[in-house]
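The chain contents come next:
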Amino acid sequence: MHIIEFIFSPLLALLIGVFFLGLARKVMARIQWRYGPPVMQPLIDIIRLLSQKSASHGVAFNIGLVMSLAGSLVITLFLPFGKIAPMSNSGGMLVILYLMLIGPLGMAISSGESANPNASIGISRKLLLAMGYELPFLLVVLALMKAYNTTSITEIVSLQRDTGWSMFTFPLVLSGIAYLLILPAMLGVRPFEVVNAPQEISSGPLVEYGGPYLALATLQHALALFIGISLFVNLMWGGAANPVIFFLKMLVVFFLGIFVNAVFPRLRIDQAIRYLWRWPSLIAFAGLILVCVTGS
Amino acid sequence: MVNPVLLIAVPLGLAFMVPLIDSASRKLTRFVPVAALLFNLILCIRLIPAVLENPIVINLGGFTPPFGINLFVGPLGLLFAGLISLAGLVVSIYSLSYIKNGPVVKYHMLYMLLLTGATGVVLTGDLFNLFVFFEILCISSYALVAYHGDRAGIESSIKYLIQGTVGSGLLLIGIGFIYGIFGTLNMADIAMKIATVEQSTLFVPMILMVAGLGVESAIFPLNAWLPDAHSSAPSSISAILSGIAIEVGLYAVARIVFTVFGISDIYLFFAFLGILTLLIGEMCAFAQSNIKRMLAYSSIGQIGLILFALALATNNTVTGGLFQLVNHTFSKGLLFLSAGYMIYRSGSMEISSLNGMGKRMPLTSLAFTVGAFSLVGLPPFAGFPGKFLIVSGALLKGEMVINILVGLVLLSTVIEGTYFFRVIQALYFKDGNGEQRKQAPATAVTAMIALMILIVALGVYPKFLADFLSSASSDLLDKMSYVGSVLK
Amino acid sequence: MTGMEILLLVAFGGVMLTYILGRISSSLRNTFAVVLSLVLVVIIALMYDKTGETIFYRGFFGIPMVLRINSLSWIFAMTISFIGCLSVIFSLDYMKVKERTSFFYAMLLLVNSSMMGIVLAGDLLTLFIFWEIMSWSTFLLISYNGGPAIAAGMKYIVMSFAGSMAMLAGIISIFTAFGTLQISEIAAGMSSASSGFKIFIVIVFGIAFGVKNAIWPFHAWLPQAHAEAPSPFSAVLSGVLIKMGVFGFILTMYVVVGLGTYMSLGGAIFSVRSILLVMGAITILVPTFVALLQDDAKKLLAWSTIAQAGYIMLGIAYGTSLSMAGGVLHFLSHVVFKSLLFMTVGAVEFRTGGIRDLNSLGGLIKKMPFAFTGTLIGVCGLIGVPLTNGFVSKWLIYKSLIFGSPLLTFVALFGTWGTVLYSYKLIHNIFLGQLPEKLKDVENTPLSMKLPMIILSFTVLLFGILPGLPLRVINKIVVSLGFDSLNISLWGIVSESGMLNMINLFAAILAGLIAVWLFLRIGARTIPVKQDDNYAAGAAVPRDRYNYTVKFYDPLLRMISPYLRDIFDTFYMKIADLTGYLSNGIRKIYTGYVGNYVMYIVLFISLMIFVQMKWSPW
Amino acid sequence: MSFLQNNIYYIGAFGLIMIGLLTVLVKHNLIKVIIGLSIMDTGINLFLIAIGYLRNGTAPIFSSPEVESILMVDPVPQALVLTAIVIGVAVLALALSLAIRLYKHFGTLDLHKIKELKW
Amino acid sequence: MDRNQLKKWFQNPVKMAHKYSLHVVYFCTGCGIIEIPPSITARWDAERFGIIPVATPRQASLFIIAGYVSLKTLRSIIRTYEQMPEPKFTVSLGSCPINGGMYHDSYNTIKHLEKYIPVDGMIAGCMPRPEAIFVGVTHLWTLIDKDMADGYKRYRSNYSAYRANQEKILGKLEWPPLFPIHGEE
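Residue numbers (my numbering), protein chains in the order written: chain A, 1 to 296; chain B, 297 to 784; chain C, 785 to 1402; chain D, 1403 to 1521; chain E, 1522 to 1706.
One or more of the hints may lead you astray.
[Stated by the list, open to error] List of simulated lysine to any residue pairs, SDA-like, C-alpha gap at most 20 Å: (1) 1536/E - 1668/E; (2) 759/B - 848/C; (3) 734/B - 884/C; (4) 1674/E - 1310/C; (5) 655/B - 808/C; (6) 53/A - 1304/C; (7) 1632/E - 1536/E; (8) 1372/C - 572/B; (9) 1674/E - 1309/C; (10) 402/B - 1492/D; (11) 1689/E - 1597/E; (12) 1398/C - 495/B; (13) 1506/D - 398/B; (14) 726/B - 931/C; (15) 1693/E - 808/C; (16) 759/B - 749/B; (17) 53/A - 1689/E; (18) 53/A - 1677/E; (19) 734/B - 745/B; (20) 1520/D - 647/B; (21) 1429/D - 1417/D.
By construction, these hints were calculated from the structure, which means they are not laboratory data.
From a predicted model like this one, the values you see are computed outputs, not experimental measurements.
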């Protein structure tokens, strides 16, 4: 049973991630009054990409990407999907926070070796954006951990079953709002789509990826989407006992993200940081203070 | 038992023999001071056990005190005498090669006179005799400062002379007052009678004497001659002036204040004076770009520190002060001696001209470094135990004022460290002109190595000196036993 | 003659012998230095799990000077000798091209020996003496390179010296108060001392150790000193030397002052503990962002060292067994990965002919793959990527802080993101991106540099995957300082607020890596291309210019740099300037006109007489 | 008036000392300064003599048994003064010789212009 | 996706994926690019066939050269083409790449693009409408199906000739040969 969970949950995460990618394209097309590609299109792309003979820039180019995807896969073992959370007893939220570093870092090393300045610019923006949303995000997470007095994400989820969604319980409501405000940045959707920016820096870190590498990068993107949404649902929307309910919750969050993506233009990176460090951070900070004051 | 009078008589006699010896053999002249001081050193060492048991009192001419002039060879006096002979010996070895041009005969003569005067000051038990020896010390140092006969030497010498003469005049007036009041010049006798006179009467003579001796011992407002004289004298003489002359002045001040007057109300004032001297000396040194002037100002600072230590008048601090004094004699001597050859090689006294000396004269630079580290008080060199004792003694008094003063001492140590480290960096880590490597002559190197060994030995095993210093400090502080042993 | 005395004798004797041998033959000296440092490692390793005290010297005015060994000393001594050994090995090639190598080796060994003396010291006097020897020998080594190193050395020694003077004041106050300097005896006296005295002791020792540990606001000396010192020594400097401050803090707070007293010292809000914690937090936050501004590789690492010292400070000052373990473990971790980073940067500097400017390097990964791997592992440790030692130690620190003071945790966590940014800048600007034309003949890392890198990289990973190894020793320290024992297993730690299991994580990540790698192998074969075969809108890549390194994080830096002025550095420099002005002013009293001088004498007497007549104080 | 009479030597002595000191302080010709020092020395010598002086006293020699020691002037200050005079002469000679050298080097004796060593 | 295509998907997923996931890099030299935006936006929506524009040749599988090719742009075209991962397809748009079109007598345009890089399909017209582009793409699908879109293979096997042609008109090229050149073939 356990071993099945170990294999199953990353695959499920990949599947959902890829599905979300396809759905995103479809929904975006519909919003733009287009017919749109089939939902399976990302899968088709991945198959095509795997069969292409790409150029490799070196060992670190490969390893970084592998590291990135592997890191993201490991996170899925820690995140409860419904009740499926095979490694939740090996470390809590802190481990997840740190594992979340591996993804961007591996990508950064890999695309750094590709020696393309566009990639470097993209990575620089990616890290800066992460810096931007990490400030409010950490405040939110700390408020949560302080409020529930645990660092284990499964416990946070199970505690919410008694108290209701943390987003709508009193001391955490501000943190919830802040989390919502930074969610687009964490998912990397449009107002904050500064990293890839195909029109500007030739899709940034992905500029030198082709063939299998792009496939891996796409999967990594899909997983990042999954992790971002799943984390939000777990932390703020009470997770779920049932994988189906959980998936539905994720879907709602995902649609929210897509709608924002569809209607907003892109910010510059400094505008993005300025935004993230202003209102979301202030609200998150207030939330943390609120939690500290009421909690003790 | 050997007679301590020889400590004065032999160098004095040999000093006047120097011209005669010179006329006999020109080569021998240079070795006269070495021989005399070696003799003195051996004498001092041989006297140590006896003196530690009981101070030796010699009545000159058979008159018993208070009528006659007496020599008092206590641990303190012997410490100074030994220090003078040791430093004098090392410097005279150094001078063997360093002093080559100019009136060499006169140099050696005056040099020995200077040391005779210094020895006399520390051994005498009579106020006027002290004045006389003091004048011998001063006059010979005026002349030695002007030894090179260059602009700076003459200028500083005349300035030194004017101030020194004013100072000794004041001293003499003070002695006159004392004599007028007590009718005696014997220090022990005065010390015994001092309680019979109202304190306020004694103030004027005391302040006159302190001011007079203060000029020689470079206490703050009276020390303006020092940087000039020390910086323009030949380096060997700078070493002696810095290592011996001002210390002897300080000894005289301490003797007068502690033993003769012995009124403890004024000690705190001297502590303040010491700190002021320390701070001003260190800050002036901090702003110098001329190495010898820097060293001279640093001497002022050290004197301030020693004065502070002595003024706290506990056994610990005085021991610490004397330790620091010994360290200062060695370290400053070493600094001046090493700086002397570095200046000789580079031809300029600017610190910037010493850049890269570490490569050209490694041993001399090492000597400078050791001296500087020791003076700053870094372990394992001799400066650290002294500083440790001073600070611990001062803190042991447990008074807030003194604690603050200790803070200032530590602060000034930081300033001192700063300018010494600056020079060390210049020596080793800045690129100088690519001159060839050439060591100082063997005699100079011998002298420097001897001092280095002494400094390191004292730093590693301070106990070696501590017991002796401890009895020296009680000699200074215990007025009654002084009086008792002189007047029997 | 106990092991400690033999150790110190060997260490200090070796210093002299090294210098003397250097006069004879350089290869003999090198061999001897390596052997000596290996012998030291062995001697210390043999002392594992021993405790004891011996009086080794009474020559200092009869004050007994004591050496003692316990688990705290052992772990520090082990680190010192280990890093010392590696840095000597690293120096073999690095110093080949320099002059005055004998001096360098002797001083390097002297610094190591004196640090061992510090950690083995059983009384404060011994500690101070070795402390000062360390200070000045470090000064000589920092200034070694000349040029800008002069100013760096000067700043270091002045601040360090001020710190040691503060320490001297503290030591002597203790001596006068309790009549003993033996650490084991002071604690008894301290418990009955007044709280004012305790606070005084904490402040003076705090200044001394804070300067050495480069805690904000005493950090000003560190960046320049680390940057300008020779790289093997930078590794020692950043790795172990500044950790003497950590040692001192532990000693002062938990041994001298005592755990119970420390936790309750000071007022409710401005307690010593909270002030230290806030200082630690600021030390994390500010230097992390300043590091982002740096263009000099070693300066960047230096600022990062300050920031990491903040983590250690947080762990140690918080004062629970978990945080203490975290602090000490982070010290260990930092030693390993920061030495590694300084060595790799040193290797790059060595091979590129002294280039440290991040803007003019790039693309060295193909030329120096070893150095790249080392840097990558080091950087991962620095960031705290799971499976490196930095992760475990940071986890422990966060874990202990998280419920007590979430804001401090926030600062620490946020600092990690800053760490990611500057770490990536370091690794990107040196190794990634495109190779400048002038560096196309760079050779690979020499063997003597590879060896320490391999050992250190291995250690980073070993301690990351099996944190139980160091944590067992650290647990002993924690217990000996009066804390509760921790529940430690080989692969992690179990505490009431959560557990950590690195083996599981390792297995998961390994499985993930293998799976992804296999997945990559499913795809078509890839074609290796040259570094400059890039997409450049169809153009052939312009060499030397197709690199994005300058102002790597410009948008952020433009926002934050106005807030990052190093006010304390400015403040210290202002003080130095002021002292200069003041001194210059004061020396003007020596006017050169002899009449004035005589006037001073007359005024002195008149003032005295006036005072006496007016107030008659006497 | 009797105060003046009784202390005339002291007044004279201190007058001389003050004059000497003032000369040293105010004059900036080196020779005049040296003269000032000399005057000061003289004053001090006078002061010392005055300490031991008794009005109508006799020489401190026991020439005949009936001479009472109470009427003798104190001999010690006289001995002191002799020494002091010798020292003063030595200093004066040295000072003047230095003044000659100084003039050779600087071409002036104005102490305001001889300020190469300062600060 | 057509239901009756499922069988094909199972038979050869790679080929099908190549057909339905054409990531395009456009080379926009002239008027041809005017016709591209309508084809990828709401009116014609190329994305429903999996055709999307990408930013770099590394990610692309289809290279559309829209418009005339001058000497200067040829250099970039070759470079871009060589950086695309195999399998890759090339389609030229308009008359100019075929025979020079209205620039047939210009001293500075390329008259026959296929001399320098292999072209799998050419869509004639001046300019071709989006519908024509779609027709071209469907034609390319057929070619892919029949393994006839083998431009990249031809490029590899005849690289020496291509390189010679390129160097003949452009002079020395800044980049090294993509494939080893075996003398005269």
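- Message: Run the distance test for residue 1674/E versus residue 1310/C: straight-line Cα separation, threshold 20 Å.
- Response: Between residue 1674/E and residue 1310/C the Cα gap is close to 16 Å, so the pair holds against 20 Å.
Pair hint residue 734/B and residue 745/B, alpha-carbon separation not exceeding 20 Å: Holds - the C-alpha atoms of residue 745/B and residue 734/B are around 17 Å apart, at most 20 Å.
Next item on the list: Decide if the proposed pair is consistent with the structure: residue 53/A and residue 1677/E, CA atoms, cutoff 20 Å inclusive.
Entry: Given pair residue 53/A, residue 1677/E holds - Cα atoms ~13 Å apart, limit 20 Å.
Original post:
Does the structure keep residue 1693/E and residue 808/C at a Cα separation of 20 Å or less?
Top reply: violated (59 Å)
**Message:** Would the hint linking residue 759/B and residue 848/C be met if the CA-CA limit is 20 Å?
**Reply:** Holds, at about 12 Å.
**Prompt:** Is it true that the CA of residue 1689/E sits at most 20 Å from the CA of residue 1597/E?
**Reply:** holds (16 Å)
- Item | Hint consistency between residue 759/B and residue 749/B [alpha-carbon to alpha-carbon, up to 20 Å] | holds (16 Å)
Residue 1506/D paired with residue 398/B [C-alpha distance capped at 20 Å] = Holds. Residue 1506/D to residue 398/B sits at ~17 Å (cutoff 20 Å).
> Can the restraint linking residue 1398/C and residue 495/B be considered satisfied, given a maximum Cα separation of 20 Å?
Replying inline: Measuring from Cα to Cα gives roughly 15 Å; hence the hint holds.
Tell me if the straight-line CA distance from residue 655/B to residue 808/C falls inside 20 Å. Since the Cα atoms of residue 655/B and residue 808/C sit roughly 17 Å apart, the hinted pair holds (cutoff 20 Å).
inquiry  = With the threshold set at 20 Å, check whether the alpha-carbon distance from residue 1632/E to residue 1536/E stays at or below it.
reply    = Cα-Cα ~32 Å, so violated.
For the pair supplied as a hint, residue 1372/C and residue 572/B, confirm whether the alpha-carbon distance does not exceed 20 Å. holds (16 Å)
The structure is inconsistent with the numbered hints 7, 15 and 17, although it conforms to all the rest.
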